[in-house]
Structures are given as structure tokens and as C-alpha cells.
Amino acid sequence: MLREHRLSITVKVSLSVFVLVVIACTGTMTGPAGPEWWRVPLALLERIPGFGQSGLGISSGVTEREWSIIWDIRMPRVVLAGIVGATLSLGGASYQGVFRNPLVDPYLLGAAAGGGLGATLVITTVGSDRLEWPVDPVPFVAFMFALGTVALTYLVGASFGGLRASSTLVLAGVAMVSLTTAIQTFILQRNSDVVREVYNWILGRLATASWGDVVLVLPYVALSTTVLLFHRRHLDVLRVGDEEAAALGIPVARVRLTVVVAATLGTAAVVAVSGLIGFVGLVVPHMVRLMAGSTYRVVIPLAITVGGAFLILADIPGRTLSSPAEVPIGVVTAFIGAPFFIILLRTRQVSR
Amino acid sequence: MSSVEFRHLAVKYGRREVIHDFSMAVASGSWVGLIGPNGAGKSSLLRAVAGLVKHSGDIVVDGSSLSLRSRSRRASLVAYVPQEPILPDEMTGREYVMLGRTPHIGYFGHPTKSDRAMVDDVIGRLGLDDIAPRHLGVLSGGERQRLVIARALATEAPILLLDEPTSALDIGHQQQAFELVERLRREHGLTVISAMHDLTLAGMYSDRLALLHEGTVVADGSVEDVLSAKTLAEFYGVRVTVHREDDGTVVVVPRREQL
Numbered sequence: 000m001l002r003e004h005r006l007s008i009t010v011k012v013s014l015s016v017f018v019l020v021v022i023a024c025t026g027t028m029t030g031p032a033g034p035e036w037w038r039v040p041l042a043l044l045e046r047i048p049g050f051g052q053s054g055l056g057i058s059s060g061v062t063e064r065e066w067s068i069i070w071d072i073r074m075p076r077v078v079l080a081g082i083v084g085a086t087l088s089l090g091g092a093s094y095q096g097v098f099r100n101p102l103v104d105p106y107l108l109g110a111a112a113g114g115g116l117g118a119t120l121v122i123t124t125v126g127s128d129r130l131e132w133p134v135d136p137v138p139f140v141a142f143m144f145a146l147g148t149v150a151l152t153y154l155v156g157a158s159f160g161g162l163r164a165s166s167t168l169v170l171a172g173v174a175m176v177s178l179t180t181a182i183q184t185f186i187l188q189r190n191s192d193v194v195r196e197v198y199n200w201i202l203g204r205l206a207t208a209s210w211g212d213v214v215l216v217l218p219y220v221a222l223s224t225t226v227l228l229f230h231r232r233h234l235d236v237l238r239v240g241d242e243e244a245a246a247l248g249i250p251v252a253r254v255r256l257t258v259v260v261a262a263t264l265g266t267a268a269v270v271a272v273s274g275l276i277g278f279v280g281l282v283v284p285h286m287v288r289l290m291a292g293s294t295y296r297v298v299i300p301l302a303i304t305v306g307g308a309f310l311i312l313a314d315i316p317g318r319t320l321s322s323p324a325e326v327p328i329g330v331v332t333a334f335i336g337a338p339f340f341i342i343l344l345r346t347r348q349v350s351r
Numbered sequence: 000m001s002s003v004e005f006r007h008l009a010v011k012y013g014r015r016e017v018i019h020d021f022s023m024a025v026a027s028g029s030w031v032g033l034i035g036p037n038g039a040g041k042s043s044l045l046r047a048v049a050g051l052v053k054h055s056g057d058i059v060v061d062g063s064s065l066s067l068r069s070r071s072r073r074a075s076l077v078a079y080v081p082q083e084p085i086l087p088d089e090m091t092g093r094e095y096v097m098l099g100r101t102p103h104i105g106y107f108g109h110p111t112k113s114d115r116a117m118v119d120d121v122i123g124r125l126g127l128d129d130i131a132p133r134h135l136g137v138l139s140g141g142e143r144q145r146l147v148i149a150r151a152l153a154t155e156a157p158i159l160l161l162d163e164p165t166s167a168l169d170i171g172h173q174q175q176a177f178e179l180v181e182r183l184r185r186e187h188g189l190t191v192i193s194a195m196h197d198l199t200l201a202g203m204y205s206d207r208l209a210l211l212h213e214g215t216v217v218a219d220g221s222v223e224d225v226l227s228a229k230t231l232a233e234f235y236g237v238r239v240t241v242h243r244e245d246d247g248t249v250v251v252v253p254r255r256e257q258l
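Just so you know, the protein sequences line up as chains B and S, in that order. Residue 0 is where the first sequence starts when you use numbering that gives the first Met the number 0, and the numbers rise one by one after that. Residue 0 is where the second sequence starts when you use numbering that gives the first Met the number 0, and the numbers rise one by one after that.
The following block holds chain B by itself, in its conformation from the complex:
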């Protein structure tokens, strides 16, 4: 692409928001059980005061049981998928920017491995007793372990960092991830009865999504998103390297720490409720770059909308194809994402 992109950023963002809304509606209207798809919007309208029986008289003919499928099962699942996809892809874009490395995903510094270890520890030590607890401890412990692992990586990386802080951090991340994974493997090997349960957690799932999960992650995700949106210009300056960015007056170390903390907070929160969903954080930012240009002024907002839309879309076949069984969402993201990405790369090469 030799020319500058012609559409303005506002147009691109509005377009992607529109696509996100369309996909979210599709997600809400389809499913293996529940009413016909066209009754869903009617059922929603019917429940808005002034539109239902006492007002405009809209009647959807949806039973209470069907409504419960829409409101308690489908909608939280669609919303959570949107939040998880948006956060992972935003985290990936930010990590790629701050480390100036296109092969980086938000799990680089150990958010996923740490979360996995935390979940494994709870599942092996507390076992099925935890189902009788008032609150499931798995998300909380996974969240704390995810944050703790990244903090440890940062401490290790920064203490040896010096001039090449960014590449040292990446290496520290690799070391921490292998250490954490090794511990997890060791624990699993000694508790082979829970392997299946842990494995299910690791593959990632949205099946058990409830409004409670949405409320749980929302504050972290909102904070993370706000901070990262405010740093999109800094990510553009960092593209010319730490030295030149510093010479342009950017406090490089502080910006990197802020962005990593914000992206990690969001990632750890969504890992805690949905497990490890791969591919989104790595590839969606690149899809955005290929479609809309590489400046972070566009990449950051579009990573949010496209990431959300992508995961909602990926979740639709996941829950309908082999119903009532579920295809793990991580498998679907790779199945849909990989060919799409290859096509995108290919058409791009032709247009060059």
C-alpha cells in the first residue's frame, strides 16, 4: 500500500463499531435452543417500558423460559466474549507496540502461564469442594497469579535491563513462562485425576458466562482500556526506538511500565474468567494493521472493536456446531483466524 489511507480515523472507528454491533446482535439471536431469531429483538423491545403490552403493544410471543435463555445465557455470553476479545487484542496491540515486536501477545510476560498455575493450584488443592464455596476461588487466584508472575518478570527484566530494557524483558518473560509452566506440569503430573478439569480451563471457555462474570471483569477492563487509549500517541513515538523517543522528550521507561501494567491488568482479569484464549491477542492487531493502517491512533481503538467482534463471531459456531457439546473457543479462534489472516496477508502482497 503506497498511498496514505483515505478514510479518516473517525470513519474507520464508526465502521468497526457498526460491524461489532451487527455481530453482537447476530450472536444474541442465534443459539442451539431458544426462540426463532426474529423474536429476539421483539422480546427485548417488549421489555422496555412503553413498548410492551401497556404501551405500543409489541408482543413477541417469547415464553419466560425462552427469555431466560436470551437474557441469562446468551447475552452475558455475547457481552463477555466481546469484552474478552477486545481486551486481549488491545493488550496484544499494546504489548507489540511497547516491545516493538510483532510476534508478541499479551501473554508474553506470563499473564497466561501465571493464571494457569493459579487455577491449577486451586483445582488440585481445594478440588471439587470449591463448588460449595459461596464464591468460586479459581478466577481470583488465577488473577492474582497472573499479576504476580508479570510483576516478577518485570522485576527480573528491569534489574538486568539497563540500555536494552525491552529485549531483556522479553527474555525474562520467556524464562518466567517456562518456569511457571514447568511447576504447573509437575503439579498436574502428581494429580493426574484433575488433568481434564485443568485442561478445560486452559483451553478457554465462555460457556459458563454470567452477568456476574461481566461485572467482575468490567472495572479492570475499563481502567486498562482508558489508560491504553490515552497512550496511543506514545506508542507511535516508540516505533522509532527507545533512544529517538527519549530524544523527542518521551519518558520511555515510565510509558513502557504504564502500558505494560494497564495491558496486564486487563489481560489478567479476562484470563481469570475465561481461561486462555489464544490467537486473538496476537493476530487481531495485525488484521487491524493490514486493513486500516499501522498508526496506533487507528490500531488501538480498532483493536478493541475488531477484537470484540472477532471473539463474538468465533463463539457462534463454538456453541452451535456440535451442540449440546461445545467446541473450545480457543480452537475456533484459530480455525477462523488463521485462514482469514493468510488471505489478508496474500491480498496485501498483491496490492503492494
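There's no promise every hint is true.
To be verified - Partial selection, computed: residues in chain S whose CB lies under 8 Å from chain B:
hint : residue
1    : LEU51
2    : SER71
3    : MET90
4    : THR101
5    : PRO102
6    : PHE107
7    : HIS109
Honestly, the hints are just simulated from the structure, not real lab data. Glycine included, C-beta positions come from ideal geometry on N, C-alpha and C.
Let chain B serve as the given structure and place chain S on it in line with the hints.
Using the frame of chain B, we list chain S on its own:
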């Protein structure tokens, strides 16, 4: 117009001191060429001015110390062009020049209309209109170099630091780049401090040369004084002949050991 004064500057990497007790005053609007063999400390000196390495002693610009200024104020006084600038392939020329406005944009701010007008003006004056919408990855070495200079100009900094700015260019583009800097120096009254490898080019464009050797100035003065066969033999360890052309240009020609 800004003057730069170095007062007992010293730069250390770990325990190794690469600049020792460097003092020098650079007049406002002048071009000082730093020459010297590899490892003499030319780059470290420029990096110290740009605020990229810690230093002791003082760097005084227009009467007050640079270390007392905020990071972005410092960046708006001193524009730094590194030896090998990083130009992201996917960035457009215009986006790249816009990065030069960074010191003038607040932490949470974004480029304003006047920033965009300023960038368009720089692009226009440097004749980069054709290059500006294209991606950096497809540009030639000369075009990239002009964009780097445009970015430095967009900072509106009165002091321009060039670290071997043309080492990757052929002789024609080297000359073009230096002519451009010279033109901008005259138009804007820029103070230029540049590290240079090519002694003839250094002599052609600098008002004054400083020869660095192992972190100290061993010769400092007019081009004629510094570029002498004897001095160069002593500090570069080379055999050269120094010619003086009729127009005053000093030409340094290396000689083979045995003929």
C-alpha cells in the same frame, strides 16, 4: 539562535570514562564539526547533549543548564539525528515528520491544527510533497535522510545534532544532505554540531573543527589549523596529504603506505 557551552563535561559507561573534562563554547548559529577516530567519543558527546546518557559537568544553552530543563523542553531545544535512525517500514513520511512535534504536545495531548500546518510547511519547504504520503519502507536512502532532517526541523529546535548523518549515503546524496542542513542553518539560524567521518566534507561545511581523541579535545580551531597532515598522522595514525584548493577548500587525501 542558541549558543551551547560545555563546562567540564564527563561521560561514563559503567567505570569507563569516554569523555573527560570536555569544555568548549559553540557560538550561536555556527556549525561545529566533531572529528576523530572511531571510539574517540564523538557520539557520546552528542548523546549527552540529547539527554540520552548521564553526564557530569554542565551543558549550558542560552545561559542556563540543560539538566535543569524538563525532558520535553530539552527536546524542543535540541534535535538529535542518530547515526542509524529507525524508520518503521509501515509509517508514512508525513506521520514520521509529525513525530518531530512530540516535544510540543502535552502528555495526554494530540497534534493540533497548528502542528499539522507546521508539518505541512516543513514538507513543502523541503520539497517532500511526493514522498510524504508514501511508506518509509519503499523510500530510497536519500529520501529517508531528507525525512529525518525534516523531522528534526519540525521540532523547531534551535540546536541540531547530527551523528555521522550521511554515512549510509553515496557521495551525491551526502552532499545534498549537507547542503540542505547548510541552507536550513542560514534560514533558521540553527546551531549545528555534527560528528563526521569524511574529513574533506567536515572541512567544507564546518566553521570550526574539534578533533577528539580518547575523550578529550586534542585540536580545536579553524579548518586550516585542525586539518594538518601532522595532526592527522598523530591521532588517526594515517599518512595523508592535505591540499588547499584555490577557493579555500581543504582536501584530505589518504596515502598508501608503500608506493
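>> When the structure is checked against the list of hints, which entries are broken? Sort them ascending.
In response: Failing hints: none at all.
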